[in-house]
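Engineer: The lines below spell out each chain.
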Amino acid sequence: MKQMKNIFKVLITFPMLLFMGCATIISGSRQTIKVASIPSSATVYINEVEVGKTPVERSLKRNQEYQVLIKLDGYQPYETLISKEFNAWYLGNILIGGIIGLIIDPITGAMYKLTPEELTANLTHGGTAFRTEKKDVYLMVNMDIDPGWEKVGQLIKMK
Amino acid sequence: MKQMTQILFVIMAVGLTNCGPKISSNLINPQLKLSVEEKVALLDVHHELPNNIIKVGDLRFQDSGFSTDCSFNSLMTRVRNEARKNGANIAKVIDKKTPDLWSSCYRLKIELYKYVGDVSTLSQYKLTLD
Chain C
1 MKQMKNIFKV LITFPMLLFM GCATIISGSR QTIKVASIPS SATVYINEVE
51 VGKTPVERSL KRNQEYQVLI KLDGYQPYET LISKEFNAWY LGNILIGGII
101 GLIIDPITGA MYKLTPEELT ANLTHGGTAF RTEKKDVYLM VNMDIDPGWE
151 KVGQLIKMK
Chain A
1 MKQMTQILFV IMAVGLTNCG PKISSNLINP QLKLSVEEKV ALLDVHHELP
51 NNIIKVGDLR FQDSGFSTDC SFNSLMTRVR NEARKNGANI AKVIDKKTPD
101 LWSSCYRLKI ELYKYVGDVS TLSQYKLTLD
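Quick note, the sequences are listed as chains C and A, same order.
Counting in the working numbering, the first sequence runs from 1 upward without gaps.
Counting in the working numbering, the second sequence runs from 1 upward without gaps.
Pulled out of the complex, with its shape left as it was, chain C reads as follows (with noise of 0.2 Å):
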């Protein structure tokens, strides 16, 4: 009977290894940006697409790349590109000879990880950080305030 659950067990995983690329079945097809701004509430764009206020996350397909835009009034735009890069899994097919692999991984878009760029370097001053935590990209921004705006006063939090 055991015998029987582990027959059932490999035609079960064999044809799924087979048919799936390395990268495919690690990262997926999609990764999640997450975008996060100082301070928050400055709205995101992708491709020119509004996806909403910062804090905000998006599970992009990672066969593409995108524009990001960060945008608040009274603070300088913030712009980076989140371009697809090498996704060292895709080796694996190699690794165990899965020519099918080769194949698929590049059709899902799983031989890449999106990774951001930062486009405007003298806003990196501002704070700019991102991590890729494990699959993810997290996009912190600090906003930079616009010189072109005049302060003219201060809200005071009450006792």
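Careful: at least some of the hints might be erroneous.
Once the Cα atoms are required to be at most 30 Å apart in a straight line, the calculated DSSO-like pairs of lysine-lysine come out as [claimed, not checked]:
1. C:Lys84 to A:Lys33
2. A:Lys55 to C:Lys71
3. A:Lys39 to C:Lys34
4. C:Lys84 to A:Lys97
5. A:Lys55 to C:Lys84
6. C:Lys84 to A:Lys109
7. A:Lys126 to C:Lys53
8. A:Lys85 to C:Lys84
9. A:Lys39 to C:Lys84
10. A:Lys126 to C:Lys34
11. A:Lys114 to C:Lys71
12. A:Lys55 to A:Lys114
13. A:Lys33 to C:Lys71
So the derived list for chain A, only partly shown, Cβ under 10 Å to chain C, looks like this [said to hold, decoys possible]:
14. Ser103
15. Leu129
16. Asp130
To spell it out: a stretch of chain C is covered by chain A in this simulated footprint if at least three of its residues, at any positions, have a beta carbon under 8 Å from a beta carbon of chain A; those stretches are [to be verified]:
17. 38-49
18. 56-64
19. 101-112
The set of hints was computed from the structure by calculation and includes no laboratory data.
These numbers were taken from a predicted model, which means no experiment stands behind them.
A virtual CB, placed ideally from N, CA and C, is assigned to each residue, including glycine.
Use these hints to put chain A onto chain C, whose structure you have.
Structural biologist: Same frame as chain C, but now just chain A:
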């Protein structure tokens, strides 16, 4: 075994290099480059062109054979970038082939135009994220 490794490397090289669609362009009348702030109207096949437009050129998106990034939204994002680069603020789809048995890609013929009016008032395709 050696031959097998060679085949794997060839497939990987093809996968790494040829995943974009093939783009051909014929720009007969390029205009001044537009900034990112300036809107570009993306008109699908059923959307009508306004009057008083200047033709800037044509674009054609085909399947390179190994294209994977070729959804309609992805191609239209590229169209918008190409339009801005050549000073066009209207991109009109004149022929659209949807994915079928022969290709998993959208194949498009686009005409680029310069319009002097406000393009945001035109009936147009609204891009979404895939």
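Engineer: Would you mind marking each hint as holding or not holding in the structure?
Structural biologist: A quick look at each hint next to the structure:
no., hint, verdict
1, C:Lys84 to A:Lys33, "holds (26 Å)"
2, A:Lys55 to C:Lys71, "violated (33 Å)"
3, A:Lys39 to C:Lys34, "holds (27 Å)"
4, C:Lys84 to A:Lys97, "holds (27 Å)"
5, A:Lys55 to C:Lys84, "violated (34 Å)"
6, C:Lys84 to A:Lys109, "holds (26 Å)"
7, A:Lys126 to C:Lys53, "holds (20 Å)"
8, A:Lys85 to C:Lys84, "holds (22 Å)"
9, A:Lys39 to C:Lys84, "holds (26 Å)"
10, A:Lys126 to C:Lys34, "holds (24 Å)"
11, A:Lys114 to C:Lys71, "holds (28 Å)"
12, A:Lys55 to A:Lys114, "holds (6 Å)"
13, A:Lys33 to C:Lys71, "holds (23 Å)"
14, Ser103, "violated (13 Å)"
15, Leu129, "holds (6 Å)"
16, Asp130, "holds (5 Å)"
17, 38-49, "holds (count 4)"
18, 56-64, "holds (count 5)"
19, 101-112, "holds (count 7)"
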